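Colleague: So the chains spell out like this:
Protein chains: 2
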Amino acid sequence: MNIGDVSRQSGLPAKTIRYYEEIGLITPQRSANGYRVFREQDLHKLAFIGRARALGFGIEDCRGLMKLYEDTDRSSAEVKQIAEEHLTEIDRKIVELTGMRQTLTRLVHACAGDDRPDCPILADLSAQQAEG
Amino acid sequence: MNIGDVSRQSGLPAKTIRYYEEIGLITPQRSANGYRVFREQDLHKLAFIGRARALGFGIEDCRGLMKLYEDTDRSSAEVKQIAEEHLTEIDRKIVELTGMRQTLTRLVHACAGDDRPDCPILADLSAQQAEG
DNA sequence: CTTGACCTTACAGTTACTGGAGCCCTTATC
DNA sequence: GATAAGGGCTCCAGTAACTGTAAGGTCAAG
Chain A
253 MNIGDVSRQS GLPAKTIRYY EEIGLITPQR SANGYRVFRE QDLHKLAFIG RARALGFGIE
313 DCRGLMKLYE DTDRSSAEVK QIAEEHLTEI DRKIVELTGM RQTLTRLVHA CAGDDRPDCP
373 ILADLSAQQA EG
Chain B
253 MNIGDVSRQS GLPAKTIRYY EEIGLITPQR SANGYRVFRE QDLHKLAFIG RARALGFGIE
313 DCRGLMKLYE DTDRSSAEVK QIAEEHLTEI DRKIVELTGM RQTLTRLVHA CAGDDRPDCP
373 ILADLSAQQA EG
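As you go down the protein sequences, you meet chains A and B in turn.
This note's numbering puts the first residue of the first sequence at 253, with every later residue one more than the last.
This note's numbering puts the first residue of the second sequence at 253, with every later residue one more than the last.
Simulated from the structure, these hints should not be mistaken for lab results.
Take the hints with a grain of salt, since some may be wrong.
Since the list can't tell identical chains apart, any single copy or any two copies may satisfy a pair.
35 Å max Cα-Cα, derived DSBU-like pairs, lysine-lysine [stated by the list, open to error]:
1) K345 / K319
2) K319 / K267
3) K267 / K345
Just so it is clear, the structure is predicted and the values come from calculations on it, not from any experiment.
Please model the complete structure; the sequences and the hints are all you need to start from.
Modeller: Given below as structure tokens:
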């Protein structure tokens, strides 16, 4: 199977698949003409990585999770720890973004959005006025 | 005022302030010994940028917002548009992260986290089983 | 005169790709 | 045999917004 087919089947861009090989996440074989040849295990790994990435895991987490997946002597505690740390990070980001959204929403609603220069958004950013 | 004082006063790392100069957001003067000399307007700009960044605006948005702030002929509509687009992006990210959190939370709860290898998290990532 | 805190520049590294240039392989068509 | 289309290949540069590090200049105190 060539990289184009794998790309269509996995939904990952060919460039990304080459990148994953470069950083050692997969090691497809090569045919005589130098083309990458992907086997079932490569497809499976790519699907695994794709799903982990979709859950927001970083590349190094993906590497760790794959290693654990392949290690039948693993403890589920190791896996859970990676997931919990990631979950904590996600929660942190949600809190951060929610705070931004709250302030921004208030400012956007306060702004007339017309052709006059008066703007509560700029006023807030320049913070010339007292706290509200 | 030297960069160290500005850093303490603005809460921005000195490195970041130098970076902001490099990309043209601020243009502090220089004293004879080559040190950067910051004036009131520089401090004000840095505070503006700091608050915009805290709301998640990208650097180019900050540049645009500062330009509008300094342009007394601006329309508030221009400012509002930048803010609304950013707000949309924030909402998109929150939705994405919330989806991740939901799935991850379910998986983490399903995982025993003990010394046995059985792990619903890995099972889900490898997707050998049917959808649940 | 040295120590320590401060400042300077320049360069590399971070994350996870993405884009582009320049070139090779294969197959079909003229 | 030439050529064009549609793959594939490598290598290099760029993205966002800094951050780290090295090597060195400046300044006040003791």
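Colleague: Evaluate each hint against the coordinates.
Modeller: Verification of the hints:
no.	hint	in the structure
1	K345 / K319	both (27 Å within a copy, 29 Å between copies)
2	K319 / K267	within (23 Å within a copy, 38 Å between copies)
3	K267 / K345	both (28 Å within a copy, 24 Å between copies)
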